[in-house]
Amino acid sequence: MKLKNILGLAGAAAISLGLATGAFAEDKVVKIGTVMPMSGGAASIGTHVKAAFDVVTDIVNNAHPELGNFPLAKHAGLAGLGGAKVEIVFADNQGSPATGQNQTLRLITEDKVVAITGAYQSGITLTSSAIAEKYGIPYVNGESVAANLTERGFKWFFRTTPIASDFAKVFSEFLTDMKAQGGKIDSIALVHDNTEYGTSVANTITSTFKEKGLNIALDVAYASNATDVQSQVLQLKEKKPDVVLMISYTSDAILFAKTMQAQDYKPGILLADDAGYSDPDFIKAVGKISQGAFNRSSWSSGPAGSPSALIADMYKKKSGVEMDDTVARQMTGLFVLLDAIDRAGSTEPAKIQAALKATDLKPDQLMIGYKGVKFDDKGQNILASGGIIQLQDGENYVAVWPKANAEKAPLLPYKGW
Amino acid sequence: MSFFLVQVIVGGLLLGAVYALFSSGLTLVWGMMNIVNFAHGDFVMLGMYVAFVVFSVFGVGPAAGAPLAALVLATLGVIVYFALIRHIMKGPMLAQILGTFGLALLLRYSVFWWFGANFLSLPNNLVGGTYDIFGLRIEASRLLAGIVALLVTLGLHLLLTRTSLGSKMLAVAEDSTAAQLMGIRPDTMQAIAWAIAAGATGLAGALIATFFYIVPTVGETLGIVAFVTVSLGGFGSVPGALVAGLMIGVIESVSGYLIGAVYKDIVVYVVFLLFLWFRPQGLMGKA
Chain A
1 MKLKNILGLA GAAAISLGLA TGAFAEDKVV KIGTVMPMSG GAASIGTHVK
51 AAFDVVTDIV NNAHPELGNF PLAKHAGLAG LGGAKVEIVF ADNQGSPATG
101 QNQTLRLITE DKVVAITGAY QSGITLTSSA IAEKYGIPYV NGESVAANLT
151 ERGFKWFFRT TPIASDFAKV FSEFLTDMKA QGGKIDSIAL VHDNTEYGTS
201 VANTITSTFK EKGLNIALDV AYASNATDVQ SQVLQLKEKK PDVVLMISYT
251 SDAILFAKTM QAQDYKPGIL LADDAGYSDP DFIKAVGKIS QGAFNRSSWS
301 SGPAGSPSAL IADMYKKKSG VEMDDTVARQ MTGLFVLLDA IDRAGSTEPA
351 KIQAALKATD LKPDQLMIGY KGVKFDDKGQ NILASGGIIQ LQDGENYVAV
401 WPKANAEKAP LLPYKGW
Chain B
1 MSFFLVQVIV GGLLLGAVYA LFSSGLTLVW GMMNIVNFAH GDFVMLGMYV
51 AFVVFSVFGV GPAAGAPLAA LVLATLGVIV YFALIRHIMK GPMLAQILGT
101 FGLALLLRYS VFWWFGANFL SLPNNLVGGT YDIFGLRIEA SRLLAGIVAL
151 LVTLGLHLLL TRTSLGSKML AVAEDSTAAQ LMGIRPDTMQ AIAWAIAAGA
201 TGLAGALIAT FFYIVPTVGE TLGIVAFVTV SLGGFGSVPG ALVAGLMIGV
251 IESVSGYLIG AVYKDIVVYV VFLLFLWFRP QGLMGKA
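Those protein sequences? They're chains A and B, same order as listed. The first sequence: position 327 = 327 (the numbering used here), numbered continuously. The second sequence: position 248 = 248 (the numbering used here), numbered continuously.
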């Protein structure tokens, strides 16, 4: 009996000692909250982000001299905070704006995170960043493209990704360049679904192209998740536009590729706006019959041994899939946030906010092809940009434009199969 | 008539045959038992996954995948009948609706859990390529699905009208108590009906998989068309489902081509509602 008591006491002492050291170490941990779709229709995105953010914390928390001067890589932990470690607290938005909002509240009030990143779907970024704004917690978004996010006069919201209007400019400059190289771009067809994404991007492209004097001859709208797209493909086949610009999610993109082959239809140039055409599933299913498709991307792995190539390797080891544009933009958002906290030398929200406002990262300090990161008064990165990639062999995209970042020269016309 | 319109109509007919193919199973269950099977689209989805597994494990196409899918789904049909349908048939209509809806979600998320949310696809040109007849393009995979649709429709129709098994099944559908008095076991007949219906649906799924993408939620996309086809064709009428499927396929394709793809569903449903206005029992249903 006595012995038991003594043992019990000793056990309790050991536990409390353990707790005490735990608490001590916790002082040197910087908690970042992230709100992502971990379940529901976009669950695969959440799985990718988890692996990607693990790579980011590995790079920041451990010394990675092989990454050279890449920010936060050289030392273990955040040097500005005496080597503090970074911990990411994940919350599931379940693909719902209301859940995203509640989870953000929980991260701020219960987990006491010092800053937030998220939330993939533009509609959820909208609601969850409103909570952060209310509590005065910095919110960095790396991937949502809806224009209105930075038009709300928020003081705590920062966005690193390029948005639809940036890409519309990239498309028009790229097509003009292709014309100079002998490609025909006299008539352009827009093919898009009727979702928020499809219609808003199509509108932005239409107005930008009009300004630049590019002729949109045909607008083919269709209901998302179609059972059949034969009539749309035949419309294109009959009108023969020089350029077909696809704004489609994965399911419809696969169907279009299959139907184009069945109807033996190939446009001179097929250019896609990310989404379905960037999905690894698309490439696996119909990449071989979509050879030569152009797509937009801010990501390209760059030469072997470069920080972006090394980070892509780490990500592939962790996740089992290749790095894609979406994941790279999300990682960049987190890196920018952590860099600001490091420079702030503090976890005080106001100091992080000030550091974010003073952000001025150069292209060689980023893992992605932006011209840099510098925020305007609205919190939008004014140096965000992207390039054009091409699915030349039907298996992997290669950077083809602008020339400065190109791995290969663009191939015309569209090859298909 | 422009050449493109001919292509559109031919494509619409082939599409319609596919609609008919995956609706025939539903019309059997709906017409004979008055059970609205909301899991029907997910039965199609399971048939697609069986075809996918057969291809990725054994490397063979629908020649093996389709019969196997029919067998697997027929077995599932019997299990579903005894485990679920038999019980909810005694309950109110609402219980039946929620019961099969729950089954749909169970099937969908089981596949989601096992295969993940990724889009899968059988290799292109697994079933021949595309025939080019004077410029008219016909995919072999869709042609095969169309021919099988005709055969399945014919087979089911003959089964119901020309065999004693069919007569027994219809007798149970008409009046199960009277049938029981004549020595017919309603349970056995209805289980057989479920096996046939689910089997035909699985067969359809395996054939559709040769030209469509495969994803756990594909049943949502395809299921709604089946309901429209069956109610337009007439509940319980197998030939009705065939004619209705062809009609919907052609209307969808032609309106999508002439008016615009976003409007094609509006045209289909306006025709559908107008038709039911004048003939609520459907094309070939009994009044």
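Any given hint could be a false lead.
Computed footprint of chain A on chain B; a stretch qualifies when at least three of its residues, placed anywhere within it, have a C-beta under 8 Å from a C-beta of chain A [as the list claims (entries may be wrong)]: (1) 57-64; (2) 113-121; (3) 221-227; (4) 261-275.
Selected chain A positions facing chain B (in silico; Cβ < 8 Å) [stated by the list, open to error]: (5) H64; (6) Y249; (7) A285.
Chain B residues, not near chain A, derived (Cβ > 10 Å throughout) [claimed, not checked]: (8) S2; (9) V8; (10) L84; (11) L94; (12) F101; (13) R137; (14) E139; (15) V254; (16) M284.
Bear in mind the hints are in silico, worked out from the structure with no lab data behind them. The C-beta atom is built at its ideal place from N, Cα and C for all residues, glycine as well.
So, going through the hints one by one against the coordinates:
1. For the stretch 57-64 of chain B, the stated coverage by chain A is violated: 0 residues have a C-beta nearer than 8 Å to a C-beta of that chain, whereas at least 3 were required.
2. Restraint check on the stretch 113-121 of chain B versus chain A: 6 residues with Cβ-Cβ distances below 8 Å, three needed, restraint holds.
3. Counting residues of the stretch 221-227 of chain B whose CB lies closer than 8 Å to any CB of chain A gives 3, so the stated coverage by that chain holds, three being the minimum.
4. Here's how the stretch 261-275 of chain B fares: 4 of its residues keep a CB closer than 8 Å to some CB of chain A, so the rule of at least three is met and the hint holds.
5. About 31 Å separates the beta-carbon of H64/A from the nearest beta-carbon of chain B, more than 8 Å, and the hint is not met.
6. For the restraint placing Y249/A at the interface with chain B, the shortest Cβ-Cβ distance is roughly 10 Å, beyond the 8 Å limit, so the hint is violated.
7. For A285/A, the suggested interface contact is upheld, since its CB lies about 4 Å from the closest CB of chain B, less than 8 Å.
8. Non-interface call for S2/B relative to chain A: violated, since the shortest CB-CB distance, roughly 8 Å, does not exceed 10 Å.
9. With a least CB separation of 6 Å from chain A, V8/B falls inside the 10 Å interface cut-off, contrary to its annotation.
10. For L84/B, the requirement that its beta carbon stay farther than 10 Å from each beta carbon of chain A is met, with the minimum near 26 Å.
11. Every beta carbon of chain A lies more than 10 Å from that of L94/B, the smallest distance being close to 27 Å; the non-interface claim holds.
12. Against chain A, the non-interface label of F101/B holds: every CB pair exceeds 10 Å, the least being about 18 Å.
13. A beta-carbon of chain A comes within 10 Å of the beta-carbon of R137/B; the shortest separation is about 6 Å.
14. Non-interface status of E139/B relative to chain A is broken: a Cβ of that chain comes within 10 Å, the nearest being about 5 Å off.
15. Here V254/B does not stay apart from chain A, with its beta-carbon only about 8 Å from theirs, under the 10 Å limit.
16. Consistency note on M284/B: stated as away from chain A, and its beta-carbon is indeed over 10 Å from all of that chain's, at 23 Å minimum.
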